[in-house]
Structure formats: C-alpha cells, structure tokens
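First to last, the protein sequences are chains A and B.
Residue numbering for the first sequence follows the UniProt record's numbering, beginning at 1 and increasing consecutively.
Residue numbering for the second sequence follows the UniProt record's numbering, beginning at 1 and increasing consecutively.
Treat the hints with care, as some may be off.
One side of the interface only, derived from the structure: several residues of chain A facing chain B at Cβ under 10 Å [unchecked claim]:
id	residue
1	Ser197
2	Glu211
3	Leu240
4	Arg286
5	Gly503
Residues of chain B placed beyond 12 Å of chain A at every Cβ, according to the derived structure [said to hold, decoys possible]:
id	residue
6	Gly8
7	Val86
8	Gln99
9	Gln108
10	Met148
11	Asp346
12	Arg381
13	Gln394
In case anyone wonders, no lab produced these hints; they're calculated from the structure.
Idealized CB from N, CA, C, for every residue including glycine.
Number of protein chains: 2
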Amino acid sequence: MRRWNGWGDSANDYPLKPAGVAFLQQALGPGRPLPDASLESVLARVPASRLAPHPLIDTDAETRLRHARGQSLGDWLAMRSGDFRVFPDGVAFPENSEQVRVLLDWCQAEGVRLIPYGGGTSVAGHINPPAGEQPVLTLSLAKMNRLMALDEDSRLATFGAGTPGPEVERQLAERGYRLGHYPQSWELSTLGGWVASRSSGQQSLAYGRIEQLFAGGRVETPRGTLELPTIPASSAGPDLRELVMGSEGRLGVITEVKVRVSAAPRDEQFHVAFMPDWPSAVALARRLVQERVPLSMVRVSNPEETRTQLTLAGHERLVAALHRYLAWRGQPLDGKCMVTFGVTGDRRHCRHALTEARRYLRAAGGVTTGRALGRKWQEARFRSPYLRHGLWEQGYAVDTLETCVDWARVPQTVAAIEQALRDQAGEGERAHVFTHLSHLYAQGSSIYTTYVFRCSDDYETTRQRWWAMKRAASDAIVEHGGTISHQHGVGRDHAPWLEHEKGAQGLAALRGLFTHFDPQGRLNPGCLLED
Amino acid sequence: MRRWNGWGDSANDYPLKPAGVAFLQQALGPGRPLPDASLESVLARVPASRLAPHPLIDTDAETRLRHARGQSLGDWLAMRSGDFRVFPDGVAFPENSEQVRVLLDWCQAEGVRLIPYGGGTSVAGHINPPAGEQPVLTLSLAKMNRLMALDEDSRLATFGAGTPGPEVERQLAERGYRLGHYPQSWELSTLGGWVASRSSGQQSLAYGRIEQLFAGGRVETPRGTLELPTIPASSAGPDLRELVMGSEGRLGVITEVKVRVSAAPRDEQFHVAFMPDWPSAVALARRLVQERVPLSMVRVSNPEETRTQLTLAGHERLVAALHRYLAWRGQPLDGKCMVTFGVTGDRRHCRHALTEARRYLRAAGGVTTGRALGRKWQEARFRSPYLRHGLWEQGYAVDTLETCVDWARVPQTVAAIEQALRDQAGEGERAHVFTHLSHLYAQGSSIYTTYVFRCSDDYETTRQRWWAMKRAASDAIVEHGGTISHQHGVGRDHAPWLEHEKGAQGLAALRGLFTHFDPQGRLNPGCLLED
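Start from the sequences, fold in the hints, and give me the full structure.
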C-alpha cells in the first residue's frame, strides 16, 4: 500500500548501507532521528468537512489526509511530525470528463475551492490546500487512468489525465510503443500532472520535454470546455497548448491528454565514463549536445556527487575495480566526474551514437568503463525518492532543487547554489551538497543539486533551517539568471521567485489569463501566482 | 531596387521558358495578360497623410505606397491594377527600441493605429492598413538590422528584429555560425516577422521551426516593455515566448530577437530520389521521420508537382537523361513522385544520414539519382516567389496555400484541397493544382499546394475567382482538421477560419490577452482576430 507519510509503496524499502552511514557521519556528524507521528494521531486531528454532501465526493478522514500533502521536504516534515495544518474538505474521484464538469460547476455554485490532483508527487506545494474560510475540494484524476485511443499512423495516444507513468508505458508497450517520459517521480506521477507542471524526464534528450510530447487534449475550465485539437505544427497564432502547460491547475482541470508516442526501441544501453575534472566534464557535456551527438540521456556529476554516489550505492567491489581501472588508465581518482549516458533506437543508430560519444569522450580526456555501472544506474533510476527514507531513519534530511541556465552561466551558477546551501546550513551544522547536469540543451543545461543535512532536535528548527537553505539557493538561482524551476514547477513554494523570470508585465499577463478562465478565482489559489 | 509591385529586386528576372508556356497553354488554355498600372498613376492616388508631423515619421507618398501591401495574390492584383484602396498615413523607421517606445506612446496619445512591418512579405494580409477614421502608422524595423551580441558558449545571437534572412546569415557566417531558418521568403523576410508569424524554414527538420530557435528578446507593448530572458528550458508556468510567437503585432512590437544558432556545417548535400507513386511516397516520408532518420530536409512532391517542376525547370536534357535512367531502373514515369532530401552536419554525420536515407528509399521501392537535381533545387530554393512574375507576363496567376495535419489525415486532406481548388476555378476555366509535403513531423506533415489559373478579362473577376478557390480550399482544410496556416500565419485573410482550430474558448482567451497588452486596441486591428 502507498505510504501515507512518505514515498512509494511500503513494500519498497532501501535502507542506507553501513558504508553510507559512516560516510554521512563523517561529513555531517551523527544523525538525529526525529520521532514519527502515528497515522491514528493524525487522523484524530482531521476536522469535520465543511462540504455539503455530494455523491461524487468522499469526506472520509483518511482519504482527506492522504491527499493533503505532496512530497516537498516541507510536506515530509509536516507528515512525519503529524502537523499537517490544513486538510482538504473532501476528495472526488471522477471517472470521466463529464463528472469533472459536474464537480467544477458545483464548486462554482457552492463557493468551493478546487485543487486538481494527479499523483500527489509535487515537491513545490502544488496540491496543498490553502487555509481560509472557503472549503476546499481536492479532485483526484486517479480513476481516469486508461489509454482511450491510439492513432498508429500519427503516433498519437489519448489517455485519461490521471494515468501514472508505469500505466502509460504498460498500456503502450502492449501495442509496441513508448512515450519515453521518465521523471524521477515516474512511479506515481501522472500525465496530467506532467502537463500542468511542464515536466521533463530523464531521456528528454531523445524524447523531448512534455512540451514536445503533449499534442492536445481536453481541459474543463470554469468558463467552459477547452478542446485542444491535434495539429503537428501551426503558425496560426499563439499555441493554446502552451497556455495549458505550466498552468498548474489555475485555469482548469486537464482531463484527457493526447501524447506523441514512439516505436518501442529495439535497443537501449546506458554507459558510464569518467572525466578528470569538473571544467572538462562541463565542456564535454556542452560539446556533446552542441555537436548533436544523438544520445538519449547524458548526466554529468560533479566530483562531490561522483564520490557520494559511488559510496552510497554500496557496490564496494565494483567501485574498487573501477578505481583500479581508472588508475591504470591514468585518470585521477580525486576530482573525477562521472558521466552517465544512454543510446536508444535501432541497433544501427545505437552503434553510430555510441561510436560518436566515445570519440568525443576520448578527445576530451575521458575514460569509458563499459556497461556495468550503466546497468546499475538503470536499475536504480527511480529509486532516488526512496533515499529520503533511508536517510531519515539515520537522522538526516535530504532535499533537491534544480534550475536551468545558458552554458555561459553554468559554472558560476553551480558554485553559487552550492555555496548558498552550505552557508545556510545553520549554526554549527554542515550541509553535504552535490550537483549534476542533465537535460542538456544546445543553449544551456539544467542544474540539479542535492543537499543532505542533519536534523535538529525538533521539527520546527529543522524546517526553518531547510527553508533558509532553500531560500538562499533560490535567491542565488535567480541572481544568476536561472529559472526557479526546470522540471518541478512553481507551486506555492517557488512562487515568490517567479517575477524574476517573468517580469512584472509577464506576471500580470498570466494573472489576466487565469482570471479570464476562472473569474471567481476558485482554482488552486496561491499556486504559481501568489495571491 | 526592390520592386514596388512585385517580388524581390528588379534586377532578378526569371521569365518562363517556352516549354513551360506550352505546358500551361495545354493545361489551362492561352493566358490572358492584364495591363499593369504605372507607379506614377498610383502615386497620384495616394491621399494626404492624416498624421501630425513627427520627426521619426516619413509621410512621403512613395514611401507610404511601398509599405501598403504584402505579397498575397490579393495584394498582387491590387498592386498590378493600381487599386491599392488604403495606404498608411506614414512610415517610421526607428533605429532602436527606445525610438519604438516613443512611437508607440505617441500612437497611444494621438489615437493612431500602428502596424509593425518587417520585410513586407506577408501572404495573408498582415501588414495591410485597415480603412477607417483613425490614421495608420506603419512602423518598419528595417533600420534595426544588426547582430547586437553573440554568446558563443551558449550559442545565442541577439539581432535587431528587422534583420532580413541574408543579413542574419551573413553576419553569423563571419563568426562561424548559422541560424538555419530558410523560409521561401528568406531574401526579404525578417527575424521579427518570423517570430510574429510563427514561421518555418525549409530545413526545419534539422534546425526546428522559429519556435525552437527563438530564445527571448524584447517587445514594446502599450502596457510597457516585455523582456523575455534567455532560459534554455523551464517548468515555471506558461512560457511567455509562446504568447509573443504568432501574436502578429497584436500585443506589441518585437524589437530585439535572441536566437539559438548552430556551428556552420562542414558538409551539406541535397539529393533527389523518385518513388513509383503517391501512396508509397507518403508512406516513405512518414517512415523517414518516425524512424528519426537524421535528415535536414525532406520534400515529397505529388505526381502533378513532379511533372510540373521537371517541365517548368527547363533542364530538358537533364530530365531526358533522368527519364532514361528511371526507365532502365524499372521505375514508372507516369505517377512518379520526386523526393528531395538534404543532409547537414559534419562529414561522418552526413555519411551516416545518407546511408540510412538510401536504405529506407531502396526498401520502399525508390530510386536515388545522385546530386545533380539536388544542386538544381539548392540553386533555385528561393526562386519560387519570382515564378509569379514569369506566369503573370503570360497571363496566368499563381498562389499557394498550406496546412498541417496528422499522418492519418494526409491523403484525404491533399485530395480535398486539390479538388476544392479545381472545382472553384470558375465557369469554363481550369486550375492547375499540385502539392508537396515538406516540414515532416512524427505526428504528421505540412501540405503545400500550388494552384495556377488563367486570368479573367478584368482584375475584379480574376480576384473573385481567386478568392472562391482560396475560400473553398480553406474550408476543406478546416473540415479535415488542419490548421489554417502551417507557416504563413493568419493575418487578415485567414482570420475567418481561426475559430475552427482555436475554438470559441481559445479565441476569447487570445482576445483577452491582446486586450491586456493593448487596452485601446491600437495595434494591427483586424489581424489574427477579426474585429
């Protein structure tokens, strides 16, 4: 069963290995485990619903509790401490667009706020019900999870918006296709959520971001139904899909999503190589993408991430062998950077792409190591969100943040983000910070930074230290011209930084757009744009 | 000097060859040349300007005449007959964003309508001044035509929005880069115009549409300056660039454009092959793009276009040799379809891409013919707009239209468009109609149809027959789920069909957006959205 206060299914458990615990104790000092609240104690704190009865709405306390929080570190601390603060007044599970329409109209008539809910995996506060006098209905798309149509000529699949990643791929694979959108939240996050938050997946280099995959669909808005027809490309005015992507529930509920699918690949491989240092690794990444080497993913870890990953993974014999090999090839062990890359397609394509990648790697002083580490990456590719559990049990907290900047700004931005996090770890505390580049573009790169820190003696101090670090890193991001989010969206947590990137004119235009579709302001208030 | 009543520089002249004239006479009957108005006679019809004097505004009659019309067939008939109807009251040539700001504010204060003007190459009535009591200022970006900045790390170039295609590429080539955006209007059309109308170029398969190239810039709107920062990718809410692209002057004046550039390619080749019939040619095109064969352009001509191109090109010996070769290879000569394709990149890439393309061609029953015809295509790639002159001298008119549909709809849509044009040629008249697919997408393809018809005895009847054909083809396009424009934009001519694709909700949202930026409705009224 899905955890009520953490990530994933409770059957999946990945405790930290002893070498990992020792590594963190050395880096941060001994952990300080905080006590977890019990489900019963939290259930007792769920207030009575303020909603009038409705046949499509469930007001059961546990259902409401299980839809009250996402997966930000702030949400985690709330769930673990039991201090949820606000619960939705009810949860609806419509089975089709018509029922969504009914619920939306009902919310308008009854003065109820509505929060669209996909997989509940937001790490930015998208689905957290706001406090206030108006009752809040959370609308889960969980029952709209089927492949509704497949146009094989045009490679277009229509899904219910609540279809989670594994169900998308399972239903497509049966017919020989793949969507290829693999965010780290893939096990739980949904197509509709990906569209609403402009998501990006690990293999965006081959398959594109959700922007390239989302071909059309249906959105129920307070003003009426917005149908987005499928047209491969058009010069007929601004593209309405672009208004829906990233709208984060502010203009309507996405109910059906049409996506561009590909043939299931005949071959796919992931490889790992090592570069001698960070500047040469960044230069290699830029060169691979600007020279259009047709890879399906590239991830370049900085030295601290490389060291941390190799230690936490716990493959001690494999890593020892790797180090012997790198030493034999004359690669420095300190400061080395891991480069994980993938090729996807038919065999001829993969062979060509691998040859090209190796050519650039060699020319830049890199050492390739074959497929063993690549296979390990592939096995563990969706396991990162579980890491929080293993750390938590040892008394540590972990969070991640990401941005995207032009190549000219990458090195300084990485340094500034990491420094901001370290500086704000708190009196007498340290943060263990590491970074990778992934989602490469010819223009620049995403920057994905992880920070681990030791809990304080109580939840509130821990939360305040987390927020001080996140705030300082967010300030550093916008000061360096980065987006406040490359793949997680804005939600409530990132909204204060949005104006840096959109400008006052841009924010006003977005506000006008949302008011056009939702004149009463019932939809997900405070999300994306601060109220 | 640039022609005042036609396409391009008057030094460029491509009269129809005798074989072409004979071909058309057989297809359509003898041409009926219509008399051209003289520049003097039209100048005499330019009324006095209604604008108050302003140091940045030119009210000279010839300047106003030369900015009154674009390049649609309707514009052509107006220019050739001398019946321009409406002229702008003045033309301004600002040299920087600050002067654009001054002019925009002045128009607001004085109650003047403003039409942004790039290269004046619109084929949909974008820049035609509307009749009415309010005076009209045309704002030409012609003096804002320089490369202002180049970030080589991030491969970003900043240009004045009025920079025309050849100037873009010349200034980039000096530094080793290429934009790679080559619409047929390339000789005259501008970066700002490409953004405002969501343009696409011949090599969009490699370089992307303007959507993929436009990285940010500056827009002066009545509400203030909208700065679009460069961020490679973002999940932070709807992308403001997407509101600007396709806005067709309705929300502001684009003054600076930042574009993503590529290294100048080390190798580039264009090749021609032939497929035995139209269904197999369409299937090949779909397969090439869905299997991701890395070509930089593909154009698939239907049998009528193939026959027409080979005849009009006038390379009689080359074509005779081609026919002998195709016969020897067992290819049928009737019904054959020409496939023009290109590879662009370094030598290894081009070799790989060519090998792959030939493999798919052979498997589908195609015959490759080497580079001779590909070189001819390359030499003449921007010559199509001049064709109207050669035909006109012989008493024929020509127009083109385009759409884009999902692959499942391609064959029926082509047939319906062609049939609509033939059916509406007029009593006792015929239309010579042919089509190609270019701008391929995994989801579908653009459809580009050319129609040639004989002029009537007078301009007005000719115009009415043209509009009857265009209207019927536009109806056929939207009935088949196509966009009313894949690359030319909406302007005034296509506006009646826009609601089919945007829906009432979508149109209302766009109208709200434009009203937000331009509350007085001074900017390009009637363009994109009907008033």
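Tested hints:
1. Ser197: Holds: closest Cβ of chain B sits about 6 Å from serine 197(A), inside 10 Å.
2. Glu211: holds, 8 Å
3. Leu240: holds, 5 Å
4. Arg286: Since chain B brings a Cβ to about 7 Å from arginine 286(A), closer than 10 Å, the hint holds.
5. Gly503: holds, 6 Å
6. Gly8: The assertion about glycine 8(B) holds, with a minimum of 22 Å to chain A.
7. Val86: holds, 23 Å
8. Gln99: Correct as stated: the minimum Cβ-Cβ distance to chain A is 20 Å, above 12 Å.
9. Gln108: Holds: least Cβ distance 16 Å, greater than 12 Å.
10. Met148: holds, 16 Å
11. Asp346: violated, 8 Å
12. Arg381: holds, 20 Å
13. Gln394: With a cut-off of 12 Å, glutamine 394(B) remains clear of chain A, as the shortest Cβ separation is near 31 Å.
Hint compliance for this structure: hint 11 is the single one not met.
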